[in-house]
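**Q** Starting from the known structure of chain F, fit chain Z onto it as the hints suggest.
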Amino acid sequence: MSTIIYVPSDSAAISIGADQVAALIAQEAIKRSLDVTIIRNGTRGALWLETLVEVVTPQGRIAYGPVQPEDVSSLYESDFLLGGAHPLALGATDEIAWFAGQDRVTYKRVGIIDPLSLQDYESHGGLVGLRKAITQSGSEIVAEVTASGLRGRGGAGFPAGIKWKTVLDTQADQKYVCCNADEGDSGTFADRILIEADPFTLIEGMTIAAVAVGATEGFVYLRSEYPTAITRLRDAIEIAKSAGVLGSSVLGSAHAFNLEVRVGAGSYVCGEETAMLESLEGKRGVVRSKPPLPAIAGLFGKPTIINNVITLASVPAILADGAAAYAARGTGRSLGTQVFQLAGNIARGGIIETAFGITLETLVKTFGGGTLSGKPLRAIQIGGPLGAYFNSSQLNVSMDYESLAAAGGMLGHGGVVLFDDNVDLAQQAKFAMEFCALESCGKCTPCRLGSTRGAETIEKIISGVDVPANKLLLLDLCEVMTDGSLCAMGGLTPLPVKSAMNNFPEDFTGGAKK
Amino acid sequence: MSYLSWSIEEATRVLTPLKNVQGPVLIALQAIQERFGYVHDDAVALIAETFNVSRADVHGVLTYYHDLRTTPSPDRCIQICVAEACQSVGSRDLVAAVEKKLGKKIDQTYSDVEIKSAYCFGNCALGPAAMVDGQLIGRASVEKVTA
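Order-wise, the sequence lines are chains F and Z.
Yeah, the first sequence ends on 514 if you go by this note's numbering, and it's all consecutive.
Yeah, the second sequence ends on 147 if you go by this note's numbering, and it's all consecutive.
Chain F on its own, in the form it takes in the complex (with noise of 0.2 Å):
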């Protein structure tokens, strides 16, 4: 009988060596005459332990990891395929404290499954929400995850029913669904491992939004950095339409919905929510002034859903185990769970799906395992680009979107960015004002004016020059761009600033350091 054996095909994985380490398991297989079926599933979120080599026995999925190619023959000669003991052996996958201590919802065939197999994705509960949901009314689904208390997941924090009932109430002869897959924050991969893991599930989600609303066009909105993604949903999409799940009539009903990928061009504005929306139109990502809202006039002046990859996934968990189990989950306004992703100089990153209300603590040092370098934890950016960047004494704050405002900050898309004590953050001020000024659409004053004189004012506190009084013009100009600014790129460039201006002041004093 063969054993089969889960590499995965993810690209983070593959960046490391996953191909090379897949290609090892079935040469040395031949060469011992051994019959193995290797599955590339997508990563199970656990990047710090890629390569993740499972093998099924009658034990379950015992896990490898971290695989190197040159480790392939001594697993052979330990008898992984039976499970056998070796250095790099992790247990039962599931039993991993790292995988044990999460809540997966959204994410809960991620890693598990092979990611185009529509038949594996059935047999782990896919589709039975859309399957709810086409028997249901557009209002009824709305209700549902309304119910849910589902928020968008993209940044913002808007709930997903109000936006969806606007474009439901709306009257046209076309509407849209389009989901934001233009995940540009530096410390977030969410959206890439859902797609290149799970495909299926934001395809449903998708569907589920397009059958609520009477939307029969969709996009993805992905981004070009993404390659191993684009290629996925693509593959995936076809596969969902010649099952009848996309297509004219979705799983046989008088729905109709046709599902297309819009790859980006390396704009950051084009996740804002506008811009993308002129980006799928062909156009310069600049920022539209709302109103109108997307859900009036969206894309070609339709009315638009848009939504994070990770809200739509959201959505067929919903519809399949009701909204109530969702809301059960998560504390205050932030409802059900968040998938957190741990980067930068960590040493064990990934992806972290659990509930709201966790302590940044716990998802840094029991989860994370504090630095890469083992040197001390100085400050944690939360909410990529436009977040802010904490100290190691604000530990305590508890990962939801209120008390993260709270705190000075937000929770933006979930990344978690740990430096260690090398960091300086006047320089990742001057960064994020540097970052501003090379990625702004220059619609509007503040952002693209500001960044750049906002980039210069930080240089001059650097080396010195009038640093009280170029303290305070910085904080006016940052005012300034978080008043007047159109969208959150110049609006929330400030966070990051001010935020390590309060939180790191021994940084703003002008000397030189270190």
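Heads up, some of the hints might be wrong.
Stated by the list, open to error - Derived DSSO-like pairs (lysine-lysine); straight-line CA-CA distance at most 27 Å:
1. Z:104 - Z:116
2. Z:144 - Z:104
3. F:443 - Z:116
4. F:108 - F:302
5. F:365 - F:375
6. F:283 - Z:116
7. Z:116 - Z:144
8. Z:101 - F:283
9. F:460 - F:283
10. F:241 - Z:19
11. F:165 - F:302
12. Z:19 - F:302
13. F:283 - F:108
14. F:460 - Z:105
15. F:132 - F:165
16. F:132 - F:31
17. F:290 - F:241
18. F:302 - F:290
19. F:460 - F:471
20. Z:104 - F:375
21. Z:101 - Z:116
Note that these hints are calculated values from the structure, not bench results.
**A** Here is chain Z on its own, set in the frame of chain F:
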């Protein structure tokens, strides 16, 4: 990556299947770049004519997006992520070391090897991240990216 040399005939063949695309300009420019490695000056007028938009519109899109280039692609392209998560594990030093080893400056145009800054490949737990000719590299080092 191998590209064809620029020709109007081939470009016309690239654009023909896109005639029914809604909002075609960006897709057209991407398709041209995928075939030729860059967007030749003459492609602007061709796209404008094919899709009945102004040359200014096409030029505007072409000059907006970081991915699109107007000079031929180099033989080799090394993109290094210089965003925060990779900074925290030494991407600034990596850039300096690669610049030194290759004797080139980042974000300059060369015909043989270019080093380009990139902002996130979604490999933030295994940084520094780089992409060499489309191949993602984790825990990047000078040796790995210049191998």
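**Q** Hints first: check each against the structure and report whether it holds.
**A** Evaluated hints:
no.	hint	in the structure
1	Z:104 - Z:116	10 Å, holds
2	Z:144 - Z:104	17 Å, holds
3	F:443 - Z:116	26 Å, holds
4	F:108 - F:302	34 Å, violated
5	F:365 - F:375	13 Å, holds
6	F:283 - Z:116	24 Å, holds
7	Z:116 - Z:144	16 Å, holds
8	Z:101 - F:283	39 Å, violated
9	F:460 - F:283	37 Å, violated
10	F:241 - Z:19	23 Å, holds
11	F:165 - F:302	15 Å, holds
12	Z:19 - F:302	22 Å, holds
13	F:283 - F:108	37 Å, violated
14	F:460 - Z:105	25 Å, holds
15	F:132 - F:165	19 Å, holds
16	F:132 - F:31	49 Å, violated
17	F:290 - F:241	35 Å, violated
18	F:302 - F:290	14 Å, holds
19	F:460 - F:471	9 Å, holds
20	Z:104 - F:375	32 Å, violated
21	Z:101 - Z:116	15 Å, holds
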